[in-house]
Every structure is written in C-alpha cells, then in structure tokens.
Amino acid sequence: MIKRGKSINMFLINGDVNGCIKCTLKNWTGIAYKIPRKEIENLKDRDDLNKSGIYFLFGISDDLDKYIAYIGQANMRQNGRGILNRLEEHKRNPEKDYWNEAIVFTTSNNSLGSTELNYLENRFCELAINANRYIIKNGNTPSFGNQTEETESDMEEFIEYAKTVMVVLGHKLLIPLTITDNNNLDNSSKDIPLFLTRKNKKTGQLIEAYCKQTNEGFVVLRGSHIERNDAEYLNESMKKRRKFAKIDENNILQEDILFSSPSYAAVFVLGYNRNGLDVWKTKDGIKLKDLENNI
Numbered sequence: 018m019i020k021r022g023k024s025i026n027m028f029l030i031n032g033d034v035n036g037c038i039k040c041t042l043k044n045w046t047g048i049a050y051k052i053p054r055k056e057i058e059n060l061k062d063r064d065d066l067n068k069s070g071i072y073f074l075f076g077i078s079d080d081l082d083k084y085i086a087y088i089g090q091a092n093m094r095q096n097g098r099g100i101l102n103r104l105e106e107h108k109r110n111p112e113k114d115y116w117n118e119a120i121v122f123t124t125s126n127n128s129l130g131s132t133e134l135n136y137l138e139n140r141f142c143e144l145a146i147n148a149n150r151y152i153i154k155n156g157n158t159p160s161f162g163n164q165t166e167e168t169e170s171d172m173e174e175f176i177e178y179a180k181t182v183m184v185v186l187g188h189k190l191l192i193p194l195t196i197t198d199n200n201n202l203d204n205s206s207k208d209i210p211l212f213l214t215r216k217n218k219k220t221g222q223l224i225e226a227y228c229k230q231t232n233e234g235f236v237v238l239r240g241s242h243i244e245r246n247d248a249e250y251l252n253e254s255m256k257k258r259r260k261f262a263k264i265d266e267n268n269i270l271q272e273d274i275l276f277s278s279p280s281y282a283a284v285f286v287l288g289y290n291r292n293g294l295d296v297w298k299t300k301d302g303i304k305l306k307d308l309e310n311n312i
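Start counting at 1 in the sequence shown, then tack on 17, and there's your number in this note's numbering.
Hints listed in this document are in silico derivations from the structure and should not be mistaken for laboratory results. If you're wondering where the values come from, they're calculated on a predicted model, not measured in any experiment. Glycine residues also receive a C-beta, built at the ideal position from the N, C-alpha and C atoms. Every clue listed holds true.
Beta-carbon label-pair distances, calculated as ranges: (1) V34 - Q164: 37 to 47 Å; (2) E106 - S131: 17 to 27 Å; (3) D307 - S24: 35 to 45 Å; (4) G36 - R245: 39 to 49 Å; (5) N252 - T214: 22 to 32 Å; (6) G36 - N267: 47 to 57 Å; (7) N26 - T214: 45 to 55 Å; (8) E106 - E166: 33 to 43 Å.
Could you put together the complete structure from these sequences and hints?
Okay, structure coming up:
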C-alpha cells in the first residue's frame with residue numbers, strides 16, 4: 018500500500034519555537050497543543066483547552082536518564098473547564114513533579130465523551146507500553162467498555178492522526194522501534210537483519226545478537242544474547258544502559274533497544290569496544306561496512 022503525504026499546520030502561539038504550539042491536520046477535527054509546564058497559566062482564555070480531551074505529561078527520569086510519560090483524560094466540567102484545568106491540578110500535585118511539558122488532544126466540535134475518552138486512554142496506554150520507548154507512569158487504565166463498531170472505527174482513525182502529530186511535536190511515544198512492512202521491503206541495509214556472533218574466551222559461552230537498522234539508528238532486538246561482564250574501561254553511560262536493560266537470568270534481552278550507531282549497539286552486546294561496521298553481518302556473512310558500500 019502506497020503511503021500518502023500529509024499536510025500539517027503548526028502555529029507558534031507566541032512566536033517561540035520552544036513555547037506553546039497548536040497543531041492541526043487538514044480534514045481532521047482533532048486539535049493538538051504542545052504546552053511547556055511553565056506556560057499553562059498563559060492559555061486560560063483558549064476555548065479549545067476548556068473542552069474534553071486526552072493529555073500526555075512528559076519528563077525525564079534523573080536516575081535512569083529515560084523519558085517518562087503519563088497518559089490521562091479530562092472531561093469538560095460543570096464550571097466549563099476541561100483539559101487545562103486538569104493540567105493545573107497535575108502541576109500542583111507534588112507526586113507529579115517529574116513532567117516539564119504536556120501534549121493534549123481535543124476536537125473542534127467537542128465530540129469526545131466519556132466513552133470515547135476511555136477508549137482513547139486505554140489504547141494510547143497500550144500503544145505506549147508496547148512501543149517501550151518511555152517509562153509509563155500510569156497505574157490502572159479504564160477498560161474499553163462497550164463500544165459500537167462505529168465508535169471504535171472513528172477512534173482508531175483519531176489515534177492514527179494523533180500518532181503522526183505526536184511525532185511532529187517531538188515524541189515517538191506511540192511508535193515501535195521496529196516496524197515490519199512486508200509491502201515496502203527492498204535490498205537496502207535498513208531492511209536486512211544483522212547478526213553478531215562471538216564466543217567468550219573465558220567461559221566458552223556463545224554470544225548471539227540480532228540488530229536492525231532503522232531511520233533512527235540501530236536497534237538491538239529482543240531475544241539477543243548479551244554478555245553481562247563489562248570491560249574495565251567501558252564508559253559509565255554504557256555500563257548504566259547495560260545494567261538497567263531488561264535482561265533475564267539466561268542473559269537474553271527482553272526488549273528492543275535503540276542506539277545511534279552500529280558500534281554502540283555492538284558495545285552494548287559485548288561489553289567491550291568493537292567496530293560495529295565489522296562485527297555486524299548479514300546471515301550470508303557480509304559485513305555491514307560492505308553492505309553500506311554496496312559490495
């Protein structure tokens with residue numbers, strides 16, 4: 018299926034690229050806002066933000082150096098206030114002091130009722146957890162409830178638009194690290210699985226890992242075998258990533274992890290420095306450096 022282009026309109030509310038941004042798409046009733054935490058008070062007069070909607074709170078974990086997200090919903094209240102009022106409550110809550118910006122979704126016709134909001138919150142949480150890019154702070158999420166097929170179809174379309182807008186506004190929260198598209202495969206290095214095989218000289222244990230190149234970088238795939246011993250010279254940042262990765266008692270990686278280069282991906286697997294262009298190979302033994310040079 019051919020992917021079509023989309024026209025997205027972004028409006029810098031106060032003219033600052035780091036300030037509040039309003040985002041809309043042609044032929045979509047949805048409206049999105051990106052709001053820095055300290056700018057919330059400046060948006061009280063915006064009718065869009067007094068409607069019902071879904072919101073995302075974003076921050077960074079100081080301990081794990083990883084993005085954090087919380088997903089919630091806000092109904093329009095009897096006092097005529099909606100999403101913005103909910104954000105103000107979160108800002109006053111000391112248990113949610115981790116977030117520094119919010120992205121909210123509402124509609125131009127205020128068509129999101131409790132049924133739609135429950136469905137969207139549930140699905141967005143599910144997508145975020147499955148994508149595994151951020152630490153999700155939600156506890157319990159509402160069930161789908163009894164949805165008509167018409168409502169489910171409308172909400173799934175809303176979600177597809179929202180996923181696109183979310184990326185444009187700077188967060189790939191809902192997008193998996195790797196996506197298999199059998200209709201769009203070619204012979205480029207990005208579509209060929211890469212393998213790394215090494216035997217630990219001390220233990221004789223075989224290390225086998227798998228990697229895929231994407232438009233973002235190199236993803237070490239779930240199911241890869243990881244060497245748990247670190248070289249003494251390994252930098253603290255990499256030691257931290259290896260320590261906190263989800264690796265089971267058999268040293269098998271339980272999540273996909275993105276790296277900016279093939280060498281960082283190789284170091285993560287092996288625990289010592291290696292040139293990723295040399296050690297990552299196709300199943301036919303072609304090195305990544307030769308693959309990229311079309312040899």
